[in-house]
Structure formats: structure tokens, C-alpha cells
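S.K.: Here's the letter readout for the chains.
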Amino acid sequence: MQNKDNLKEVIEKKSKWENSTLNESLKKVPEKKSKFTNLSQQKIERLYTPQTDYTKDLGFPGEYPYTRGIHPTMYRGRLWTMREFAGFGTADETNKRFKYLLENGQMGLSVAFDLPTLMGKDSDDPISEGEVGRCGVAIDTLSDMEMLFKDIPLDKVTTSMTINAPAAILFAMYIALAEKQGVSLSKLEGTIQNDILKEYIAQKEWIYPPAESLRLIKDTIIYSAKNTPKWHPVSISGYHIREAGSTAVQELAFTLYDGLTYVAEVVNAGLDIDDFAPRLSFFFNSHNDFFEEIAKFRAARRIWAKEIKKSYKPKNPSSLALRFHTQTAGCTLTAQQPYDNIVRVTIQALAAVLGGTQSLHTDSMDETLALPSEKAVRIALRTQQIIAHESGVINTVDPIGGSYYLESLTNQMEKDVYKYFEKLDDLGGMVQAIEKGFPQTEIREVSYIYQKEIDNHERIIVGVNDFITDEEATVDTLKIGDEFEVKQVNKLKIIKSERDYAKVEKTLEVLKQAARTDEPLMPMIIDAVKAYATIGEMCSALKDVFGEYNEPKTI
Amino acid sequence: MKAKILIGKPGLDGHDRGLRAVAKALQVAGFEVIYSGLYQSPEDFVDKAISENVDVIGLSVMTGAYNVIFPRVMELLEEKGANNIPVFGGGIIPEEDVPELKKNGIKEIFLPGATLEEIVEFVKNLLNKRIA
Numbered sequence: 001m002q003n004k005d006n007l008k009e010v011i012e013k014k015s016k017w018e019n020s021t022l023n024e025s026l027k028k029v030p031e032k033k034s035k036f037t038n039l040s041q042q043k044i045e046r047l048y049t050p051q052t053d054y055t056k057d058l059g060f061p062g063e064y065p066y067t068r069g070i071h072p073t074m075y076r077g078r079l080w081t082m083r084e085f086a087g088f089g090t091a092d093e094t095n096k097r098f099k100y101l102l103e104n105g106q107m108g109l110s111v112a113f114d115l116p117t118l119m120g121k122d123s124d125d126p127i128s129e130g131e132v133g134r135c136g137v138a139i140d141t142l143s144d145m146e147m148l149f150k151d152i153p154l155d156k157v158t159t160s161m162t163i164n165a166p167a168a169i170l171f172a173m174y175i176a177l178a179e180k181q182g183v184s185l186s187k188l189e190g191t192i193q194n195d196i197l198k199e200y201i202a203q204k205e206w207i208y209p210p211a212e213s214l215r216l217i218k219d220t221i222i223y224s225a226k227n228t229p230k231w232h233p234v235s236i237s238g239y240h241i242r243e244a245g246s247t248a249v250q251e252l253a254f255t256l257y258d259g260l261t262y263v264a265e266v267v268n269a270g271l272d273i274d275d276f277a278p279r280l281s282f283f284f285n286s287h288n289d290f291f292e293e294i295a296k297f298r299a300a301r302r303i304w305a306k307e308i309k310k311s312y313k314p315k316n317p318s319s320l321a322l323r324f325h326t327q328t329a330g331c332t333l334t335a336q337q338p339y340d341n342i343v344r345v346t347i348q349a350l351a352a353v354l355g356g357t358q359s360l361h362t363d364s365m366d367e368t369l370a371l372p373s374e375k376a377v378r379i380a381l382r383t384q385q386i387i388a389h390e391s392g393v394i395n396t397v398d399p400i401g402g403s404y405y406l407e408s409l410t411n412q413m414e415k416d417v418y419k420y421f422e423k424l425d426d427l428g429g430m431v432q433a434i435e436k437g438f439p440q441t442e443i444r445e446v447s448y449i450y451q452k453e454i455d456n457h458e459r460i461i462v463g464v465n466d467f468i469t470d471e472e473a474t475v476d477t478l479k480i481g482d483e484f485e486v487k488q489v490n491k492l493k494i495i496k497s498e499r500d501y502a503k504v505e506k507t508l509e510v511l512k513q514a515a516r517t518d519e520p521l522m523p524m525i526i527d528a529v530k531a532y533a534t535i536g537e538m539c540s541a542l543k544d545v546f547g548e549y550n551e552p553k554t555i
Numbered sequence: 556m557k558a559k560i561l562i563g564k565p566g567l568d569g570h571d572r573g574l575r576a577v578a579k580a581l582q583v584a585g586f587e588v589i590y591s592g593l594y595q596s597p598e599d600f601v602d603k604a605i606s607e608n609v610d611v612i613g614l615s616v617m618t619g620a621y622n623v624i625f626p627r628v629m630e631l632l633e634e635k636g637a638n639n640i641p642v643f644g645g646g647i648i649p650e651e652d653v654p655e656l657k658k659n660g661i662k663e664i665f666l667p668g669a670t671l672e673e674i675v676e677f678v679k680n681l682l683n684k685r686i687a
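Read top to bottom, the protein sequences are chains A and B.
Going by this note's numbering, the first sequence opens with residue 1, and the numbers climb by one from there.
Going by this note's numbering, the second sequence opens with residue 556, and the numbers climb by one from there.
Do not rely on the hints blindly, as some may be mistaken.
[To be verified] Calculated pairs, SDA-like style, for lysine to any residue (alpha carbon to alpha carbon, straight line, at most 25 angstroms):
(1) A:493 x B:623
(2) A:553 x B:596
(3) A:452 x A:129
(4) A:452 x B:677
(5) A:479 x A:103
(6) A:553 x B:659
(7) A:553 x B:640
(8) A:452 x B:669
(9) A:375 x A:395
(10) A:306 x A:64
(11) B:603 x A:129
(12) B:679 x A:455
(13) A:553 x B:608
(14) A:419 x A:431
(15) B:658 x A:480
[As the list claims (entries may be wrong)] Partner residues are not named here, just some residues of chain B that face chain A (Cβ under 7 angstroms, in silico):
(16) 579
(17) 582
(18) 608
(19) 620
(20) 623
(21) 671
(22) 675
In case anyone wonders, no lab produced these hints; they're calculated from the structure.
For clarity, every value in this text was computed on a predicted model and none was experimentally measured.
Even for Gly, the Cβ is constructed at its ideal location relative to N, Cα and C.
In isolation and in its complexed conformation, chain A is listed as follows:
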């Protein structure tokens, strides 16, 4: 802790150092660049000195403003959850991969769905051709969910499902499955991503227009608060915003603002902040700039705590604590010299741990080429285990907190995020900003600059624009054949022929009628799921009422 006199002394001595020692050194050995910048194009100073107000800016872990972590003992008490995203082919294959990961010491499951499922289309829809089971597992009906979790009791695992536009439907399937397994809903633990605003901003997997999508999210949050108290009904995600090419500042600003938008919706619907805020969770990217990433995670906690406290004055401190999952940055992986990706992932994973993440997915080295092979995903999981058990970084809370550089970056990150908050407020909130194309354009511009910098060799990417070898990339990648598509389409045909179609039609009609009113929709979706309605049938029923989203097509 520094008192004011001390800080003044440091500033005086720094200026003295600059005029003497530094100056002489610069004359002899000039610096390699006239300006050093991070990935957000911010100028990085040569040397940082103390400038933090400890009690105001940092405080203590497990207490407001949570800069140093949300738990008093952090990883000394409990490690982060190691969670590798997995899914491919049919539910059958993915069920086998899940069991493999659980046997290898993974702690929670994370389901990747294929594109038709993510877009609410059935496997037999003509637009699904060539995509079934390719980027994840294909789910058409409850029957596929039953196979996906075969011999995996839902009260013994936590499950994260990366699903957005049709999230309410997959959540309903999980609930119906729990009932079938005889597991009490109060025991269900896991997450649905269910973050539609970032879909319009970055990932682009939308179905309905923003207002109707927000209604579905509000419905799932309220249903979850009342029925599945240990579930995380939304994972407010910056990951995809970053993958779309944003800076760290944009990732953080847009994500936190999305989160505040959901909170306002649910509070306006009459729920008390403490009834749902403790179950909100976030999902961030961990990119290449080590210190900037750690600063981002720490600033995230501080800003969230401040904003929730200011606007809603919760009684439960847990409502203020920002919990998050992290994934290393897929967009930084290179197809060239793929083994080098193991090193990139290690640095990014370490940043996530030093930033206090609650769970982590480390990318496999071959993910830019294909879905990960078993060998590659094991190395990725081992990377986390080495950080946890060998590196020693877990021995103390927030080990690099207090670094002059890190604290300065954390403060700067916070300031820059608030600048974006002001712009978004001026535009009338996130939905209006999206309709005007504001976040999309902001991201596109920096993404274009980043690509130009790589093309112009202003930014070095090892193996891509420098340090190139002619050596062929020789990793064995996972190949997913056409047989899964055939198998899945056939399975769907059988389900469709065996179910009671009159019941399906009836539940879909009830769902549509409810959608026309402002009734909560989860009970009707659960009924349709139990009747083995397909994801495509349920999504088009809702589309009939809600309509479809059309994106702005400016370049």
C-alpha cells in the first residue's frame, strides 16, 4: 500500500531516472519501435509505477468490488472446472466422447451442437445437407438427448450447452430428460448459453427478431429461478464478439452491456435481483495479449459489481459477483505449424487462470483444421492440469495483482468500457444499437485493421507471416463422414413415424397460441418436447408468430 507522499516521491524519482539512466541508455540502444501497442491499439508505456488506490480499486477477494476474485480463497479452496467442449456426429458418438472425457478426469460436460441444431433446423431439412453432425452433435428430438446422456446421471455431472436461438427448447429437453431419469429438477447443474444479443452482434446464429428473442431469454431466466435453482440460465458471452475480430475493450463493453440489458428485462418483469442475479454467468475469450487479457477479467468483475450495486442494490452479495467461463481464442490458432498452437493455448490459459476464471476450455492444437482428435483434446486438457498442479500459480489468490502494469491496464480497461457504455446509452440501448449496426460496424472496422496489419507485417504471427517453414503440417485430424448424416436422418424418420402426431400438432398449436399472448412459454415448450416434436417444428411454430430477423447488409 502506498501513501500519497510515497507516490509523489516515486513520480519525482521516475522523472529523474528518465533524464539520467534512461536517456543515456536510449542513446546507446534505441528502442525497437517508436510506439508499443497492445491488441486494442492502446499505447503501452515503457514503465509503470504505483498508482492504485488499494482499498477502493482492489479490496479483498470475495468482497466488493471483487477485482481480486469472487472467492476469498480462490483456487486454494477449489480449482476451476476443466471443461472441454465436445460434440460430433450423432448423439451416440458424442455420448462415447463424453464418457472418454469423464474417465480422463474432466469435471463437467460441454455440448457442441451441429449447425442445423444451432439454427433450429431438423436434420432432414434441405438446408441442413452437408452440416448434420459436422461441427457438433445433431439433436432433433428428445430421443437424441436420451442417447446423448445414456448412462450419465444428470445429478452427477454439470452440463454446459452452447445453444442460443433455440436455447429454451434444449433446456426443455434437458428438463424432460431429468424427469425421465428420475432426477429432481432442483439438483440440475449446468448452463445454457442463451445469449441472443451477441448473436446479432457477432456469431450471427439468430432466428427471431431481437424483442421476441429477449422475451424467450426472460422466460427461461424466470423459469430457471423458480424450478432449477442451481442452473445458469444464461451465459453472457464475449467469446464470439472477440472471435468476430473485436478488441478486448469491445468484447468487455458489449458483453457487460448485454448482461445489463438482460437484467433490466427480468427486473422489469417483476423478479427481485437476488432471485436470479447469483445464477448469471459470463463467458470470455482469452486472446494473445497476456496482460491485457488478465486486466480484462479483473475489470469485468469490478464494473459488473459497481453497475449492479448502483442500479439494483441487491441484498445478496452473490448478485454482485461476476462468475465466468473462459475459452482460449480459436481465432489465434494457425493452420500453419499446428503444434505451435499448444504454446499459444498455454499462454492464453494461464492468463485466464491468473484472471480468476471459474471454468476453462483450452483449445486443441488441431481445431483450426477440424474438430479435435482424441490425442489433441487430451493435450489441451493436460495443459490445464499442468497449470493447476505443477506451475504453482494456484497457491495464492490473484498472484499478479499489484503489478503496476496490470493495475494500470485494469483501470484503463474500465475507463474505455465506460466510454462504450455512454455511446450505447446515447443510441437508446443495445437492441437499438444492434438495429443501427453499431457494434457490428465497430468490430468489423478493427477486424479489418488487424488483418491488414498481418498482411503488411506490422503484426507478426509466427508461422503465418514470419518464421515460415516449408515443412508440411502433419497432424492426423478427425474426419467426419457422411454416414452420420444418413444415420441421423434415418433415426429422425423412425421417431417421426412412431410418435403420436396428433399430440405433436396439439402441443405446437398450444405453444403458438401462448406465443401470441405474453404468457411464459417454458411449460408449453416442455410439453411439445415430451410429445417428441422436433426442434424444427417448434422453431417454425414460434417463427410463425415472431417472424424472422433480417440483418443490415452494409459492408
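Based on these hints, arrange chain B on the given structure of chain A.
M.R.: Same frame as chain A, now just chain B:
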């Protein structure tokens, strides 16, 4: 008159970062670029190319459906008598599958590591050749 290019990705793939950057680079280079929007069927995409009377088509596929989408677009262009429009593509596509795609008449496939400049140069050459 500026040459017109249709840029897009038919099908269910929403990864538009790369193609948006390519669209912008082509626009900056002086072309008239039309962005198809996402989630078009190959039929709607090809109809757009014809109704807009474009000079070149750029296709992106980042998922496993490239071996369905690319041939389907080429087939539709031929059916509709528009196979004089040159098509190029890009995406995460295994190198060993590129020759097969080119057999369908696709002029070039840009893989990870391709620069924006290379793509712009390629399109310029393509159009020069066609005019000559």
C-alpha cells in the same frame, strides 16, 4: 462501369469475419460489392447473382458442408445458363479436397494464410482475362 461482385456464404454457416474482410478489401479496391446476407439457400444465392448481373462470385464456407455447397452452386449456375460467371472461394478446407472442387469449375480456393491483397489481385486478373 465498376465490376460487380457477389460475396456470400449459402447454407447454415454464419462465420462471416473473413468474407466481410474480403468484401471490404474488394470495395476499397474499387469494385461494386454485393453482400448476399447469411442463411440463403444455394438457389436464392444463384438467383441473386443472375438478377444482379454480377461479373464474379465469391463464396465462403468455413464448415464441413463445402463439398455440398460449392458443387451445388456450380450446378445451379449451369442449369440456369449462368456458368459464364467465374466463381472463386475460400474457407477452412483441407488442401487435399481443393483439386476436386476446382474440377467443378471453381477458379481458385483461398485457404488460411491467404492475404487480402492476394485475393484482390486474383479478382483483378480474373476480370482482365475475361474482358480480353
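S.K.: A separate judgement is required for each hint: does it hold in the structure or not?
M.R.: Hints, verified against the model:
| no. | hint | verdict |
| --- | --- | --- |
| 1 | A:493 x B:623 | 22 angstroms, holds |
| 2 | A:553 x B:596 | 17 angstroms, holds |
| 3 | A:452 x A:129 | 35 angstroms, violated |
| 4 | A:452 x B:677 | 17 angstroms, holds |
| 5 | A:479 x A:103 | 23 angstroms, holds |
| 6 | A:553 x B:659 | 29 angstroms, violated |
| 7 | A:553 x B:640 | 23 angstroms, holds |
| 8 | A:452 x B:669 | 12 angstroms, holds |
| 9 | A:375 x A:395 | 29 angstroms, violated |
| 10 | A:306 x A:64 | 8 angstroms, holds |
| 11 | B:603 x A:129 | 21 angstroms, holds |
| 12 | B:679 x A:455 | 18 angstroms, holds |
| 13 | A:553 x B:608 | 18 angstroms, holds |
| 14 | A:419 x A:431 | 18 angstroms, holds |
| 15 | B:658 x A:480 | 23 angstroms, holds |
| 16 | 579 | 5 angstroms, holds |
| 17 | 582 | 6 angstroms, holds |
| 18 | 608 | 18 angstroms, violated |
| 19 | 620 | 3 angstroms, holds |
| 20 | 623 | 3 angstroms, holds |
| 21 | 671 | 6 angstroms, holds |
| 22 | 675 | 10 angstroms, violated |
Of the hints listed earlier, those the structure fails to meet are numbers 3, 6, 9, 18, 22, in rising order.
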